[in-house]
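Single-letter residue listing:
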Amino acid sequence: MGIEQEDLISLKNVTVSFWQNNVGVHSVKDLLVQRKNPFQNKTILHNISLNIKKGQSIGMLGRNGCGKSTLLRTIAGIIKPYTGTVTVNGTFAPILAIGAGLEPELNGYENISLLLSLYGTHRRNTDAVANIKEFSELDDEVLRMPVKRYSSGMVARLAFSISLANEADILIIDEVLAVGDQGFQAKCMKKIYQVKNEGKTILFVSHFPDDVEKICDSAILLEDGVITQTGNAAYVCDKYRQLF
Amino acid sequence: MQNITRVYALSKRNVILRYKSSLIGFFWGFFKPLLYLFIFIVIFSSQFTSVNHYVLFATTGLIFWFFFANVTNQSIANIVGSAGILKSLSIPPIFFPLSDMISELFNLVLTLVVFLILMHWFGIVYSFKLLLILPCAVLFGLFSMGITLMLSSLNVFFRDIGIVWSTVQPALFYLTPIAYPESLIPEHYKFIIKCNPIYYFIQLARDITCNPGMPSARLWLLCAGMAVCMYFAGLLIFNKLKNQFISAI
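From first to last, the protein sequence lines are chains Z and U.
Take any residue in the first sequence, note its place counting from 1, add 4, and you have its number in our numbering.
Take any residue in the second sequence, note its place counting from 1, add 3, and you have its number in our numbering.
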């Protein structure tokens with residue numbers, strides 16, 4: 005048994021729940037009259053167990069709102085599980101789901117520097133900045149503009165390039181490919197294959213089962229916070245297509 | 004080490020965001036107390052002739068008050084405003100109030116240095132005693148941090164906190180003897196002022212900068228006690244709530 009056999013990520017009976025708050029003027033009345041708590045626990049993920057080995061690429065499929073992003077955030081340690089354990093033996097690239105982590109008021113360069121240092125890459129690492137610039141194909145003028153003026157495609161380019169710039173063991177791709185133009189999509193796909201060939205682990209969320217089949221070895225299907233199907237990518241993608 | 008870089012990056016972001024498209028940017032940190040001071044001098048200095056060195060008296064209070072007001076206001080907005088980063092990176096939420104504290108402490112030190120020079124013309128006595136302002140600032144920082152942690156974590160769930168705080172703050176400003184001397188308050192209303200913890204910190208700062216003699220050990224202990232208690236109470240509330248931040252922002 006070598007290190008290769010060890011699980012990089014392992015989730016045991018993970019349940020994630022949120023406080024769903026309906027605070028508002030009406031909730032004060034409810035609290036006083038019916039003694040109704042304005043905070044209710046809503047369970048998003050039920051009893052998830054999942055093992056991912058090093059170098060594996062896993063696709064995650066499911067309807068909107070089934071808990072895919074919550075599952076990714078739980079794996080990345082952003083959300084703490086309510087019960088169960090999450091063990092990870094590697095580092096993550098930031099999850100920049102269509103530009104979520106970018107600061108709209110800051111310009112491109114400031115965003116790059118902020119996210120790189122938050123992620124732990126050295127701020128003066130000029131190589132990383134050059135790589136991001138090259139991969140995103142955004143020119144100097146664009147990078148000097150506040151991100152709020154970017155088109156959604158430009159935001160996606162910047163976000164994806166930043167998450168690639170970190171030498172992380174685990175790459176999380178959350179529907180970033182959907183907005184880029186054809187040239188950039190093809191470039192991203194090429195890069196993803198390259199990352200995969202380097203033996204890194206990829207968690208890939210997409211609504212296109214064809215992409216999942218191309219990139220991933222295996223996949224899971226999430227339905228209402230429960231993993232209903234696991235197995236090789238082609239099989240799970242078939243099940244996903246049958247949902248609709 | 005890595006965490007220091009991260010907090011530093013966040014502090015830098017706060018400063019850039021706060022002074023975006025303003026002409027003098029970071030310098031507002033000490034222009035604001037200066038402007039207030041000017042108003043106070045024009046309105047009050049002829050009224051309160053009982054106070055020795057009125058300018059020095061008011062400046063000390065103002066600098067400390069602005070530090071407190073800025074830290075609390077910024078942190079309350081910061082956690083809610085950083086939803087994007089909190090949702091995409093695994094980063095301890097306490098880094099956000101901490102980064103505000105650091106940028107404000109830096110600002111405070113800068114302001115103190117500038118005013119230390121300015122006050123040369125307003126009767127400050129330069130001596131090693133003035134160095135005591137640093138431990139005093141640390142204690143007040145700890146106290147402010149406690150309040151900040153409490154308010155900013157509760158504000159995630161009840162946005163009313165931010166609104167109430169911005170209304171209560173001016174009241175608190177006038178309840179604390181910053182612009183006027185304490186002796187102005189009638190004896191039987193003094194207990195209101197004595198209930199206000201900020202009063203003691205400003206008293207301590209004034210004992211260092213304008214009153215002769217050393218601040219009493221009792222005052223030091225009182226301030227240290229309040230600072231530590233407030234900090235741990237704030238930390239307790241913050242830690243209880245931090246895991247649910249993501250569901251509410």
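Simulated from the structure, these hints should not be mistaken for laboratory data.
Here the structure is a predicted model, which means the values were calculated and not measured.
Careful, some of the hints might be misleading.
Stated by the list, open to error - Using 25 Å as the maximum straight-line C-alpha spacing, the simulated DMTMM-like pairs for lysine to aspartate or glutamate come out as follows:
(1) U/Lys15 - Z/Glu179
(2) Z/Lys57 - Z/Glu107
(3) Z/Lys191 - Z/Glu227
(4) U/Lys23 - Z/Asp228
(5) U/Lys35 - Z/Glu109
(6) Z/Lys152 - Z/Asp221
(7) Z/Lys152 - Z/Asp173
(8) Z/Lys243 - Z/Asp228
(9) Z/Lys195 - Z/Asp221
(10) U/Lys90 - Z/Glu227
(11) U/Lys23 - Z/Glu179
(12) U/Lys35 - Z/Asp173
(13) U/Lys15 - Z/Asp144
(14) Z/Lys33 - U/Asp163
(15) U/Lys90 - Z/Glu179
(16) U/Lys15 - Z/Glu145
(17) Z/Lys194 - Z/Asp173
(18) U/Lys23 - Z/Glu145
(19) U/Lys90 - Z/Glu114
(20) U/Lys90 - Z/Asp228
(21) U/Lys23 - Z/Asp173
(22) U/Lys23 - Z/Asp221
(23) U/Lys23 - Z/Asp143
(24) U/Lys15 - Z/Asp131
(25) U/Lys15 - Z/Asp173
(26) U/Lys90 - Z/Glu109
(27) U/Lys90 - Z/Glu145
(28) U/Lys90 - Z/Asp144
(29) U/Lys15 - Z/Glu109
(30) Z/Lys46 - U/Glu185
(31) Z/Lys40 - U/Glu185
Here is what the structure says about each hint:
1. U/Lys15 - Z/Glu179: violated (30 Å)
2. Z/Lys57 - Z/Glu107: Cα-Cα ~34 Å, so violated.
3. Z/Lys191 - Z/Glu227: Distance of about 31 Å is beyond 25 Å: violated.
4. U/Lys23 - Z/Asp228: Roughly 43 Å between the alpha carbons, so the hint for U/Lys23 and Z/Asp228 is violated.
5. U/Lys35 - Z/Glu109: holds (24 Å)
6. Z/Lys152 - Z/Asp221: violated (37 Å)
7. Z/Lys152 - Z/Asp173: violated (30 Å)
8. Z/Lys243 - Z/Asp228: holds (15 Å)
9. Z/Lys195 - Z/Asp221: Holds, because 17 Å separates the two Cα atoms, which is no more than 25 Å.
10. U/Lys90 - Z/Glu227: holds (22 Å)
11. U/Lys23 - Z/Glu179: violated (32 Å)
12. U/Lys35 - Z/Asp173: violated (48 Å)
13. U/Lys15 - Z/Asp144: holds (22 Å)
14. Z/Lys33 - U/Asp163: holds (16 Å)
15. U/Lys90 - Z/Glu179: It holds: about 15 Å lies between the C-alpha atoms, which stays within 25 Å.
16. U/Lys15 - Z/Glu145: holds (22 Å)
17. Z/Lys194 - Z/Asp173: Within the cut-off at roughly 18 Å; holds.
18. U/Lys23 - Z/Glu145: This hinted pair holds, its Cα atoms lying about 18 Å apart.
19. U/Lys90 - Z/Glu114: Judged against 25 Å, a Cα distance of about 19 Å means the pair holds.
20. U/Lys90 - Z/Asp228: Holds: U/Lys90 and Z/Asp228 sit about 21 Å apart, inside 25 Å.
21. U/Lys23 - Z/Asp173: Cα-Cα ~36 Å, so violated.
22. U/Lys23 - Z/Asp221: This hinted pair is violated, its Cα atoms lying about 47 Å apart.
23. U/Lys23 - Z/Asp143: holds (23 Å)
24. U/Lys15 - Z/Asp131: holds (22 Å)
25. U/Lys15 - Z/Asp173: violated (28 Å)
26. U/Lys90 - Z/Glu109: holds (18 Å)
27. U/Lys90 - Z/Glu145: violated (29 Å)
28. U/Lys90 - Z/Asp144: At roughly 28 Å apart (the allowed maximum being 25 Å), Z/Asp144 and U/Lys90 break the hint.
29. U/Lys15 - Z/Glu109: holds (14 Å)
30. Z/Lys46 - U/Glu185: Status violated; Cα separation ~53 Å.
31. Z/Lys40 - U/Glu185: Given that 25 Å is the threshold and the Cα spacing comes to 47 Å, the pair is violated.
Figure legend: structure checked against the earlier numbered hints; hints not met, in rising order: 1, 2, 3, 4, 6, 7, 11, 12, 21, 22, 25, 27, 28, 30 and 31.
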